[in-house]
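Q: Listed below are the residues making up each chain.
There are 2 protein chains.
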Amino acid sequence: MSEVEDVVVHVPLGDRAYDIQIGRGLIGRAGALIAAVAPGAACAVVTDANVAKAHLGALEQSLAAAGIRHESVVCAPGEASKSYAGLQEVCDAVIGARMERGDIVVALGGGVIGDLAGFAAAVVRRGMRFVQIPTSLLAQVDSSVGGKTGINSAHGKNLVGAFHQPILVLADVGALDTLAEREFRAGYAEVAKYGLIDDAAFFGWLEEHHRGVFAGGPDRVHAIRTSCAAKAAMVVRDEKEEGDRALLNLGHTFAHAFERLTRYDGARLVHGEAVAVGLACAFRFSAALGLCSGQDAGRVEGHLRTVGLPTRIRDIPGWDGGAAAILDAMFQDKKVQRGALTFILARGVGQSFIARGVDADRVRAFLDAELDRT
Amino acid sequence: MSEVEDVVVHVPLGDRAYDIQIGRGLIGRAGALIAAVAPGAACAVVTDANVAKAHLGALEQSLAAAGIRHESVVCAPGEASKSYAGLQEVCDAVIGARMERGDIVVALGGGVIGDLAGFAAAVVRRGMRFVQIPTSLLAQVDSSVGGKTGINSAHGKNLVGAFHQPILVLADVGALDTLAEREFRAGYAEVAKYGLIDDAAFFGWLEEHHRGVFAGGPDRVHAIRTSCAAKAAMVVRDEKEEGDRALLNLGHTFAHAFERLTRYDGARLVHGEAVAVGLACAFRFSAALGLCSGQDAGRVEGHLRTVGLPTRIRDIPGWDGGAAAILDAMFQDKKVQRGALTFILARGVGQSFIARGVDADRVRAFLDAELDRT
Ligand SMILES: NC(=O)c1ccc[n+]([C@@H]2O[C@H](COP(=O)([O-])OP(=O)(O)OC[C@H]3O[C@@H](n4cnc5c(N)ncnc54)[C@H](O)[C@@H]3O)[C@@H](O)[C@H]2O)c1
Ligand SMILES: NC(=O)c1ccc[n+]([C@@H]2O[C@H](COP(=O)([O-])OP(=O)(O)OC[C@H]3O[C@@H](n4cnc5c(N)ncnc54)[C@H](O)[C@@H]3O)[C@@H](O)[C@H]2O)c1
Ligand SMILES: [Zn+2]
Ligand SMILES: [Zn+2]
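Protein chains in written order, with full-length UniProt numbering: chain W, 1 to 374; chain G, 1 to 374.
For the record, the hints were derived by calculation from the structure and aren't laboratory data. Nothing here was measured: the structure is a model prediction, and the numbers come from that model. Hints are supplied without guarantee of correctness; some may be wrong.
Said to hold, decoys possible - Estimated spans, in silico, between C-beta atoms of each pair:
| no. | chain 1 | residue 1 | chain 2 | residue 2 | range |
| --- | --- | --- | --- | --- | --- |
| 1 | G | Gly96 | W | Leu371 | 29 to 37 Å |
| 2 | W | Arg98 | G | Arg364 | 41 to 49 Å |
| 3 | W | Arg305 | G | Gly96 | 48 to 56 Å |
| 4 | G | Ala85 | W | Gln61 | 34 to 42 Å |
| 5 | W | Ala64 | G | Asp361 | 33 to 41 Å |
| 6 | G | Ala17 | W | Ala85 | 48 to 56 Å |
Claimed, not checked - Counterexamples of contact, computed for chain W against chain G with all Cβ distances above 12 Å:
| no. | residue |
| --- | --- |
| 7 | Val7 |
| 8 | Gly28 |
| 9 | Ala58 |
| 10 | Arg126 |
| 11 | Lys148 |
| 12 | Gly156 |
| 13 | Trp205 |
| 14 | Val236 |
| 15 | Ala323 |
| 16 | Gly348 |
| 17 | Arg356 |
Built from N, CA and C at the ideal position, the CB exists for glycine as well.
All chains, full assembly: derive it from the sequences and hints.
A: Right, here's the structure in full:
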């Protein structure tokens, strides 16, 4: 696949500006690329056992070839590593590797490793440099862009963390070849989300080229580049998530409730699957409120089903929650502003907007109808 | 003591600018003062059991009187709370109290509580607002100013944390009346430090007015105001400690080594005492290197002894370390830049400077001589 060329998305955040480089074989070239942006810096690589097996050797070799002092920390795979204990493990390992403020924490992995390593980079010695090498599709198109890092609390996901921008993101599309199909598909829900938020043309392109995206090659690079650029643009407009960065949560108020109610059990539901159901719900809810056409809601659902993603609450294995439970789980969500429910709704494909103070009764009625259908 | 008027030190940090208010009875007025800078915000008060006994009631009453929703977390007193477990306890309590991003974490206590609560404020929901109500002299003149927050790692003190500026600091000099004499004295070492760094006139004033500072009243307010202003000026010049903020570490390269070698056992040595010995060492070392006069070194030692502070390594109870052990403990210090020893030395009282690449042999010889003396 050497015909695939690197593309670069620049994220213009003033003195925190950085590049997202997207291409094939970037892990094998990471040493030289890192040395170019941070000459002389040492690297603490944070990864998980799955990713280590597939890609850590290549990364370490490339760092060594570039003359970069490096040490690696291998965490347990899975969301449970995004914990206080995980933070302690990674911080202590980075400090124990005698990394100083100018040195670099490198996250090699999916969103779990990116969030955890990024948070460690934010707090070790009150801030080290940070490089992301995302290896899941979700991490390449979403979590590695934007500087949100963190861990989970007993009270909920991502409640403890920091905004900490990387100095470089290397999205090696080849790394995705070792990713489980289910994880790739889940990440695709986030790709589709960018089209649904504000880029109807991209959603149309996905409807035509999704096979190419799943296959790898130039279509995959194009989808990742478009997604990164969309997220980067929103991050630049609203770095600290005080305004319209919230559009990125399209489908997520629902999704977070589904994840909470399935106790973040990845065997039942992974994040991207929850997002797929959430996106479909957001459009059906918008249609129910008369905001968008039933045709658009159907088109969203149709595409997600075509690529094999779930779109109905009933699609969630072992589902047993009612509307009240879903509403409760939604209201707990940290995106709730002083009691008023905020949703991202849509007037059509690519026409999402922030709807504040949505009436809980309308939501309950919608959910009842959803759960009644079989 | 109602004749003591409030004074305000403004810290002009652009969009992170804030006021340090210094006076008597501020805890009783905290509710109104907080409501004035952050109308409508709820408060999570973080304190320790000692401070809670003496001052939490008054603070809670004042918050209630101002109509501020508030909840309190009481930590165990002592450095051990500046840990990952302490961070988890405080973050989860703050989240559990349903505090949102615009709400406030209030640190009511000494430097331990300020550092811990400030770090929690920096990371809960990726950043909440933060108010400092320092209740130890050290916290009022040093740790509450400058935005450095954090916890300790197994590898050393303050290695994990964040820069997070408060929106308001209330230094109630009356709170110091319940502080143990030994703790007050220890904090005084940091007050003297500001004179020694770059304000010979202030050091001279302290030599004359130290009794008034210990007694309370206007001299205490003056000393705290002068100290806060000195630290604030340095913080404004160098918020992220990349340059001459390092002058604030006068005496601290030595002090940190002494603390490490006494295993941070406060029964033997509290931080300010270590700083007193460190300040005296920094001046004697400067004299030994021919940088400053022996007379100035004697003057520093004389004043510290007058107020009852230790000035000799041999003053540290149960001391058994040799020069090699001290050097080792110094070299481990995070302020070491890629192997070269950096000291803050002085050409005289009020004439400190950053000395980089100090030769370890000169340090060893100095320490040998220090330890030989009896
Ligand atoms: N920071 C943000 O802005 C942001 C945005 C969205 C999601 N997230 C977070 O991201 C996390 C989810 O990320 P994720 O879906 O990547 O989960 P993940 O990191 O757990 O990765 C999913 C699984 O794939 C494995 N894996 C990853 N890359 C692989 C590869 N190339 N080859 C083989 N196996 C591989 C992992 O070991 C894991 O088992 C969640 O914690 C979520 O909160 C963060
Ligand atoms: N952030 C910074 O810039 C900075 C600067 C210097 C020191 N520090 C940190 O500050 C800490 C030391 O601070 P400290 O000396 O205040 O220690 P501390 O917070 O442990 O307080 C000392 C003791 O006095 C008690 N106490 C505090 N105020 C009291 C009061 N008004 N009445 C009765 N008892 C009271 C405490 O319970 C404790 O037992 C260290 O952890 C150090 O690393 C931070
Ligand atoms: Zn998502
Ligand atoms: Zn100090």
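Q: Taking the hints in turn, state whether each one holds.
A: For each hint, the structure was consulted:
1. Gly96(G) <-> Leu371(W): 29 to 37 Å: Between glycine 96(G) and leucine 371(W), where Cβ atoms are some 31 Å apart, the hint holds.
2. Arg98(W) <-> Arg364(G): 41 to 49 Å: About 22 Å separates the Cβ atoms of arginine 98(W) and arginine 364(G), which means 41 to 49 Å is violated.
3. Arg305(W) <-> Gly96(G): 48 to 56 Å: This hint is violated: roughly 40 Å between Cβ atoms.
4. Ala85(G) <-> Gln61(W): 34 to 42 Å: 38 Å, holds
5. Ala64(W) <-> Asp361(G): 33 to 41 Å: Hint holds: Cβ distance 35 Å, inside 33 to 41 Å.
6. Ala17(G) <-> Ala85(W): 48 to 56 Å: 37 Å, violated
7. Val7: Given a closest Cβ separation of 30 Å, the condition holds.
8. Gly28: 29 Å, holds
9. Ala58: Answer for alanine 58(W): holds, closest chain G Cβ roughly 29 Å.
10. Arg126: Label violated. Min Cβ-Cβ 5 Å, cutoff 12 Å.
11. Lys148: 7 Å, violated
12. Gly156: Not fine: 8 Å to the nearest Cβ puts glycine 156(W) too close to chain G.
13. Trp205: 33 Å, holds
14. Val236: 18 Å, holds
15. Ala323: 23 Å, holds
16. Gly348: 31 Å, holds
17. Arg356: Holds, because the least Cβ-Cβ distance between arginine 356(W) and chain G comes to about 15 Å, which exceeds 12 Å.
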